[in-house]
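Number of protein chains: 4
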Amino acid sequence: MALDRKIRYGMVGGGPGAFIGDIHRSAAALDGEMALVAGAFSSDPEKSRRQGRALHLNPDRVYDTYEQMAAREADRPDGIDVVSIVTPNVLHHDVACAFIEKGIHVVCDKPMTTTRADAEVLCRRVEEHDVIFALTHNYAGYPLVKQARALVDQGRLGALRKVVVEYPQGWLNRRLEAEGDKQAAWRTDPETAGAGALADIGTHAEHLVRYVTGLRLERLCADVGTVVEGRAVDDDASILARFEGGVRGLLHCSQVSTGEENNLRLRVYGTEAGLDWRQEDPHRLRLLTDLHGDRPQQVYTHGRASLADSVQPFLRTPQGHPEGFIEAFANIYRPVARTLAARKAGDDPPDWADDYPTVQDGARGVHFVETALESSRRQAWVDASYTPPGA
Amino acid sequence: MALDRKIRYGMVGGGPGAFIGDIHRSAAALDGEMALVAGAFSSDPEKSRRQGRALHLNPDRVYDTYEQMAAREADRPDGIDVVSIVTPNVLHHDVACAFIEKGIHVVCDKPMTTTRADAEVLCRRVEEHDVIFALTHNYAGYPLVKQARALVDQGRLGALRKVVVEYPQGWLNRRLEAEGDKQAAWRTDPETAGAGALADIGTHAEHLVRYVTGLRLERLCADVGTVVEGRAVDDDASILARFEGGVRGLLHCSQVSTGEENNLRLRVYGTEAGLDWRQEDPHRLRLLTDLHGDRPQQVYTHGRASLADSVQPFLRTPQGHPEGFIEAFANIYRPVARTLAARKAGDDPPDWADDYPTVQDGARGVHFVETALESSRRQAWVDASYTPPGA
Amino acid sequence: MALDRKIRYGMVGGGPGAFIGDIHRSAAALDGEMALVAGAFSSDPEKSRRQGRALHLNPDRVYDTYEQMAAREADRPDGIDVVSIVTPNVLHHDVACAFIEKGIHVVCDKPMTTTRADAEVLCRRVEEHDVIFALTHNYAGYPLVKQARALVDQGRLGALRKVVVEYPQGWLNRRLEAEGDKQAAWRTDPETAGAGALADIGTHAEHLVRYVTGLRLERLCADVGTVVEGRAVDDDASILARFEGGVRGLLHCSQVSTGEENNLRLRVYGTEAGLDWRQEDPHRLRLLTDLHGDRPQQVYTHGRASLADSVQPFLRTPQGHPEGFIEAFANIYRPVARTLAARKAGDDPPDWADDYPTVQDGARGVHFVETALESSRRQAWVDASYTPPGA
Amino acid sequence: MALDRKIRYGMVGGGPGAFIGDIHRSAAALDGEMALVAGAFSSDPEKSRRQGRALHLNPDRVYDTYEQMAAREADRPDGIDVVSIVTPNVLHHDVACAFIEKGIHVVCDKPMTTTRADAEVLCRRVEEHDVIFALTHNYAGYPLVKQARALVDQGRLGALRKVVVEYPQGWLNRRLEAEGDKQAAWRTDPETAGAGALADIGTHAEHLVRYVTGLRLERLCADVGTVVEGRAVDDDASILARFEGGVRGLLHCSQVSTGEENNLRLRVYGTEAGLDWRQEDPHRLRLLTDLHGDRPQQVYTHGRASLADSVQPFLRTPQGHPEGFIEAFANIYRPVARTLAARKAGDDPPDWADDYPTVQDGARGVHFVETALESSRRQAWVDASYTPPGA
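Chains as they are written, first to last, in numbering that gives the first Met the number 0: chain A, 0 to 390; chain B, 0 to 390; chain C, 0 to 390; chain D, 0 to 390.
There's no promise every hint is true.
Any copy, or any two copies together, can satisfy a pair, since identical chains are not distinguished.
Claimed, not checked - Quick list of in silico lysine-lysine cross-link-like pairs, DSSO-like style, CA-CA up to 30 Å:
id	residue 1	residue 2
1	Lys-46	Lys-343
2	Lys-46	Lys-101
3	Lys-343	Lys-181
4	Lys-101	Lys-343
5	Lys-181	Lys-46
Hints listed in this document are in silico derivations from the structure and should not be mistaken for laboratory results. Fair warning: this is a prediction, and the values are worked out from it, not measured in the lab.
Based on the provided sequences and hints, a complete structural model is requested.
Rendered as structure tokens:
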């Protein structure tokens, strides 16, 4: 295998037992265009080395710290092209800066940072060093989400009027973080996660709306709270929203909705039609046609010729062959890999290769979290408009 | 046919072409226990008579006005036992009072009145005259809604934490009221309807929560608006809510969600489980079991032995034989008819015969509408607690 | 109430506790166009009288025998216009003949008779006496089934190629007939029911295919059996079929498919599209568009303007307001009542008033049962073509 | 990357544009345990080399013929451990033999061979050379299919009574093979594919039944045909079946069911419960509980703690994070890779590592195709019992 032909990547975080590290690695591996060649998988060097062995890495390229990794990989002729950052949220900023400064591209998990100030620093660094920065709002990777975006773009919904996005989960319906669950522990610790449900899943919901509709948030009124006694972060949020042009919105997310699995859902209504997509049934997109017209409801399905041209580059299977969460995740990696491969070859990347969430998306997400928390504290509507650096 | 053995009822409203009048008549007819024998079907006497003929009524018992009807029926030895009021909302109060004062029982469409003052008058009149007053919040008539209530009562959800209720429709996505649509015309005219979406369908949503959970509303923050230009009433509302015990809630309803049909849905989450019911698929109720437990999700279905005892009296068909909107509506009439039949026979009605929405439910609904409108005007959280007379 | 203006009907069978009698009565009552005025509800005169009282009938018109009822009602100036026959299958023929000979119209439950010879007698009697004979293959009454038929008629499927119809139930998965269940007892007794699952539900499936596609059966190969030990009739059947024009088919039905409720489903595939309808979700009809075309899948829903003109007369509610089993049943009664009302008034009935299953449909169903049983006995393909008298 | 630590595999077939080659490569890559290092991707050496370059392979290990590849890889110290065979069906036998004889393990696409004689040769060769042979009946890789098997094993269905398996597709509803579609061309050419729908998808259905229930087929009666004029192989089949113990069965598959995508579905009914799984909604498994019991229907969902222990090793994501077709495919590769890794390390593979379809499964599939074709030709029931060599 001629590794020099593949895009070389390294990983920071994703040590033994980390769910999201596995997902990133599977997503990066899926298309055979990227090879994992380096890593600093844990703040515990022994764990990092153990993970390196499990992943069949060259021990020389398994590092004790991300700083070391950034420095040494930058010096190698066969150093990594891109780094995947899958640490707890609080570290994203520092890790990203370390690699960006070396001119190494970044794929970063969400939420991007734990403060807006950090997010804005990242926006500027990305611009200064002209690197690619992709944020893994992976739900934007689903082909039917891209189809939803295409329908809006084509004007099939008419003028937009209302957006309802929701993201109920139930896995934190009790205080798991006090029972030794590591996932729960870092995600509910303000020191490592920043905020709770709002940061972890609310930002996905916020991004999904923006990705599909392009609408900018203007005002919001939030009710954010902690339902499970003793928890240190928010675990439930309901938010009234107004977007540009007076479009009305509603966003709610929860990690204490007992029995809900991962039920992200987006509905958008316009003057001519509505649309409805649900992550637990991601192969289908319902187009809600006008009751007064002569067309029945429509259901777009994965892999069909009826999907828009902009969706086709993100399909791996034909109709009736479900793609899932990992493939959607891989659809964030795919345009990054394609762009880097094109650059290496001195070619222009294809049009669709800029279809991934950016550092500005990340800043908007962090701003959204801060604004919602402020609104909830004040129990009032607040201004939510925002333009991040570089947007 | 020995009509004297059936419960005799009359109708006010429900003239030619009125959708809801047909539904009430079908619902009342379904069990063969009630006979329509009188009516004042329209404010236009000619239309009233035409409808009387179409319904095969004795012309002597088709009246020009409801006042006339109340007076004459009260005087007849074979006069009506109960009146169904299906006029535009603004008339409910006056019509109901006319019959209550004659000791005639009432089945009334919702919303009960257009002002809280009127609603409270009705509460008092019902008490004074000791009549039955049933409000047709027909969605409470679905057997699987009753099963949801039973699951909450049995503690299967544990302590309640969150409620999400929504009611999107799309039929008013354009200004139908300006195109000669009579339904749309009276439902969007403040003179006849009072309020818009909030009154017409928001009250159904509000009642459904109360019916299933028993929770009292304490505070709310509403965003109510008119999306279709030129419309005189609200057509979209999103509401953050808090119920007693700190239970969080979210209620949204809309008549401009293009492509949505009649998509009332209720989700309730407790410490132990959640539940999910949807009016467009009314034969099923999902019980969302705790992710950490060893039980898969459960789906209760219509007509099964696994439904609670309290549900069984409201079933007409066995498993797999769908009952629908009319049958749910008939489940408001059924306990009324059974109660009246028992009284006539000098018997005690069965336990389940008090399972219908009451005049106090109506007052709570009207109070909810007024409170939401006030909150939206003030763009602020407001107190929403309320105890109607007689509660 | 001017009863003389309604269509007067009587009932044979449908005594206390009989499920299907209740359904017929609710179905006939739903539109307010028919009045039940007479009955011979049981072979036990005491039970018949008890049922008459429960139904508020005039005791003079509650009869000890159906012969007595036919004779006396025929003599009354206000005698019944039509009789509903809801007895066990074996009696359908004799009861129907008794009324037909008096010129009284018939609504008869299915299967029409227990022998083809009896069925053919009925075909001839109906012709001789020029009465209306409607067979309650109630599933043909669902609006979305009528929409399926309209799509086939309009050529939306292209040339038909394949039909799959199935009807799994699970209620007879054990020997209920030996546990005192009366429904199970008569339906599994060859003396009262004729055959088992094939007659009880297989005939519904067979009719549904014919109703939607118009295809005539030509050949079949059946595997019919009794799964539950000790049962006296068939309870499971799988049948390979060929229709005219070489259209391939598959029909299976079962009453021992544990956990299945009433899961009748029809799929039809043509050169251009397919369709899929399921009785447990009757408000929707899926149109499976060609994978190679640019149209996504379509879903027709109840009450929409997009339904065909031929469907509209059979709707009672607008979009999103589910109609169910009883309403579908009532859609067999509706055209009968409308036809009789038109005749009484000297008018022509509307076009749609001949849309109900006929005596010839009944004969085809009985022939189908006999042919399938013969094929299964011989374990061979057999000729299944058939033209009943009068067809 | 220390490739020597990964399982090294090569591929035969899977040249440019071949759908199934991509799927195999993605599936093998997903877990990071296997590395593609060699290939003979096409019978056209130029195409093979082109594909090798696209896959970043060392040109020395891209071969002109599979014979050459088998010989040279067997000679290399770092030669492949296992070969993936994804050629047209007719080549599977010869290619597999070439590698088996060198002691190289095999993952082979289905159907295994085009004749039973070839299949039996393979059974013997596998035994003689003691290699692993895994057949990619990938649908057995879905976690919820494994859960179905676990429920049967645990006796949750009671004694089995009936099986219904179906596999409708619509992509060959016209003569694509005459329009330049390469997929269609080889799959409908008897020279390359052997049989048509029966071989391509009927064998998946047949295997799925066996995998979940363990039942052996005893007799069958098939109606197999060619619906699209001019096509050289079967494209539609319906089959009555009997399994051991008198269990009744029905299997149908089609590639001309217009509008169907890839709608494989399995239902199994026992004395105590039924189960229902559908490939287009693979994250859920319905357990149809007995109507007479007090338990509602159950829905097992992907990733839940409620799944059986035997399912857990095949999950990559937690609840609500859909896995799809590629992950199911990867679940055939996973136990192969794990077994080989254990052997290399001198360890015992885990218990679950023998959970993949074997060479005997392949022989049974080929026998099933031949038997069904014979039954259809004779239009008769035929004996379908069979024990392949080594079973």
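Now the hints, each set against the structure:
1. Taking the closest pair of Cα atoms, Lys-46 and Lys-343 come within 30 Å of each other only across two copies (24 Å); inside a single copy the shortest separation is 34 Å, beyond that limit.
2. Taking identical chains as interchangeable, the C-alpha atoms of Lys-46 and Lys-101 lie at most 30 Å apart only when both belong to the same chain, with a minimum of 25 Å there against 40 Å between chains.
3. Taking the shortest Cα distances, Lys-343 and Lys-181 never come within 30 Å of each other, neither inside one copy (40 Å) nor across copies (33 Å).
4. Taking CA atoms no more than 30 Å apart as the test, Lys-101 paired with Lys-343 passes inside one copy only; the shortest distance there is 17 Å, against 40 Å between copies.
5. In this homomeric assembly, Lys-181 and Lys-46 come within 30 Å of each other (Cα to Cα) only inside a single copy, at 15 Å, whereas the closest approach across copies is 49 Å.
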